[in-house]
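**Q** Now for the letters of each chain:
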Amino acid sequence: MMYVRPCVLDDLEALENLAYDSPIGLTSLPENTEKLREQLDKSCRSFAAAVQSPGDEEYLFALVDSSRNCLVGVSGIIAKSGLREPYFNFRREQHFIYSQSLQKSNAMRRLVLSTDNSGKSVFSSFFIGTEYRTPANVNLLARARVLYVAGFPQRFCDEIIVEFVGITDERSESPFWNAVGRAFFSMEYDQAEHYCGMLSKSFIGELTPPFPIYESLLPASAQAVIGQHDADDKDLLAVALSEGFYPTSFVDVFDGGPCFSSRREHLKSLSQRMAVDATSQLLDNAVGLLANGLSEDFRCVPWHGQAEADRLACWALLTGAQAATAETQPKHYFAPLEFGL
Amino acid sequence: MIIRAAHLDDRAALVRLIGSGVALLGASVVKEWRTERQLNESLLSFDFSEGESAGNFIFVAEVKGELVGLIELQSMVGYSFNGLSFLLGKALHRSDNLSVCHEQRVLTLDHSLLGSGCFSLCVVLDGNCDVGLALMQAGLDFAKARNDLFSQGFYVALPAQSGPSFWQAVGERLTAIPFTQASHVHAELFPQSPLFECFLGEALAHENKNSPQVQPLVDWLVGLGFSYQQRRYPIDGGLIYQLVSLAPAGN
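Residue numbers (the working numbering), protein chains in the order written: chain A, 1 to 341; chain G, 1 to 251.
Just chain G, with the same shape it has in the complex:
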């Protein structure tokens, strides 16, 4: 298996891969992914990006001349590709007059991932996780090598165990857009003030749980130093794993 940067000749194969592959990461990004546009931007990013600039970088996995997977990295998230996330926190309801005090959890949309790098999309044929992990490793190696582009940390939003239930409890009620049409950018239509647990139904029921399918990926990320920092992906509520810095320790 060869992993390399995507080039113009891959266009048709990428279209096929997007159409027939399985999204290990970024299922909601696929819906808005336009192969030609993304590929052109990737080529420009490889050629011209320097310093802290927003760009996307597409790598492909090739076996015997056939594309079996792709991964897309984003640098400087927030300036082009939105880096919105829900921060899971707590609100305190306290009355000195009544001597009562209780708490509840809140989800707050914020931009704290601004400037980070991330994997926005990983699609593989037949849902082959080994190909996915190889692509992610190559992507991280690239990010480490280009620390000028990825100096503000890196994150990965894992697919949620709960399927559409998170969107149905939060996104659909806020936007009236059904899950089947919901894409990554629809998080931009969410309010930025805290959303209270008492109104979110089952949305927070699967806190801190990953689906068995992504556990190998979680183990791999944790092994590299990634950790869950109470951030959820706003579309499906998937857990977000973050790495503060890609630079080697002591560097």
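Next comes chain A alone, as it looks inside the complex:
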């Protein structure tokens, strides 16, 4: 059975393997053991902390194949962006210049460096190894975060964003980076990504000009990928859209990938969740995700009206985790899915 749980320190080796397989644009998963260890440590402390309002917490979730007892995917949540370092995006604007002499206007799309997405929660670090990248697993790992947020809304901001990796060409080069990033950063894309993962992101604000960049001056290849996502993320985008995320005017500074946003309370798995227990009849023919209401021992499993034995296994997984740490019965949440798993 596939299920989602918080990452633990013992996941380091598996996480490292995933980081090396992940695409270049996924800066939140650096290919560096020490950095990953720090991230794991921080995640463990975040899950364990008694949080009253979002702060410097970062949560990492593991997608686990229980039959092989191995970690096959990872996703994350940054509780509040922009606290320790600036959170940069390009804001895409439509700028009009009017000429009185000509009695006409000129509309130009432009990119302006922005920190407007600071102070929001961020769904980050999503990656599943190729072998396990199925629609069901993408659904499970992506939506499990929403069910965790549902159980602990006080840990997260009112607005949640999610960014998608932008388009790279057949040589794994980003046309957007080649046109924009290279000009201002004077370095290759992977080097900038490396600095992003290892150092403070404040260098982005130092090297990117404070003036607008006019899209029409960029090469056609760069213009074409602004706000476009990598084809491999089509499944993840579908999940985000069905959750209620909507496209914004923000794009990634490095690869021009799109940024989506949603009010926390509008997320579908959150707003449509139901409190259930093992005897709830509404689970009989339902399809969706089932999660316990714990933090450190959070578990989320797919539910599709399965056979009795599988049901028992699901409940054992959910309640087994809770039995180890909680004497009281926490709530369990069920989030229905319209299109199945």
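Derived by calculation from the structure, the hints in this document are not laboratory data. Beta carbons are placed, not taken as given, at the ideal position from N, Cα and C, and that holds for glycine. Careful: at least some of the hints might be erroneous.
[To be verified] Here are the simulated lysine to aspartate or glutamate pairs, EDC-like style, with alpha carbons at most 16 Å apart:
#1 A:35 x A:10
#2 A:35 x A:13
#3 A:268 x A:158
#4 A:104 x G:188
#5 A:201 x G:188
#6 A:331 x A:296
[As the list claims (entries may be wrong)] Some chain G residues flagged as far from chain A (calculated, every beta-carbon gap over 10 Å):
#7 2
#8 3
#9 11
#10 20
#11 22
#12 31
#13 47
#14 95
#15 126
#16 130
#17 134
#18 148
We have chain A already, so just place chain G on it with the hints.
**A** What follows is chain G alone, placed relative to chain A:
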């Protein structure tokens, strides 16, 4: 050759000259030039302009009763005739975190020529530079005599060596207007924030170069005290030569 202010009777001859002559200056102004309107405004400017007022002044060169050239001066540029120019500067990209520092050139549209005088247009038959220089000399003499109108300096935007390539790299990409249709006023559709060299392709490749055809004019301007102050004409990227003051030294 007689050089004099244009009058109403010159209208038909001016139309012919504009149609058949060569623009030594202001090739992009010709496209929006309406002879009757410009002539009427010039007559009013000669009659009524005083102090710091915006106006245009047309002079013609006449040989044996035939108009062989015209020149138009603008006073108080910016209030009627736009005085937009690109200032060529530099931007510094520096990160203390990464210990890196590099620079690149930028073009910034601005209004710093506001209030100056300029030659907006000079058209001569057969591209005769001698006629052009004579008209410019007469124009400058007029400007010096009317220092009340031209007290904030004077400039001349020379035609670019690069032809349409500057417009194609900058103006056309910003406005989607092809070079053949681009006129002086289209600079008003440009953004006023800096444009970075890295996005301008070949637009800055001909920096500080004048075409051999305009070198006599450059020599003449430099001899009069004009100098290049890192300003480019926004339509074709031609170099702009400026004179801070037309008043004689010590005056």
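**Q** If a hint holds in the structure, say so; if it doesn't, say that too.
**A** So, going through the hints one by one against the coordinates:
{"no.": "1", "hint": "A:35 x A:10", "result": "15 Å, holds"}
{"no.": "2", "hint": "A:35 x A:13", "result": "12 Å, holds"}
{"no.": "3", "hint": "A:268 x A:158", "result": "14 Å, holds"}
{"no.": "4", "hint": "A:104 x G:188", "result": "10 Å, holds"}
{"no.": "5", "hint": "A:201 x G:188", "result": "37 Å, violated"}
{"no.": "6", "hint": "A:331 x A:296", "result": "15 Å, holds"}
{"no.": "7", "hint": "2", "result": "34 Å, holds"}
{"no.": "8", "hint": "3", "result": "30 Å, holds"}
{"no.": "9", "hint": "11", "result": "23 Å, holds"}
{"no.": "10", "hint": "20", "result": "27 Å, holds"}
{"no.": "11", "hint": "22", "result": "25 Å, holds"}
{"no.": "12", "hint": "31", "result": "12 Å, holds"}
{"no.": "13", "hint": "47", "result": "24 Å, holds"}
{"no.": "14", "hint": "95", "result": "4 Å, violated"}
{"no.": "15", "hint": "126", "result": "32 Å, holds"}
{"no.": "16", "hint": "130", "result": "34 Å, holds"}
{"no.": "17", "hint": "134", "result": "31 Å, holds"}
{"no.": "18", "hint": "148", "result": "26 Å, holds"}
Violation of the numbered hints given earlier is confined to hints 5 and 14; the remaining hints are satisfied by the structure.
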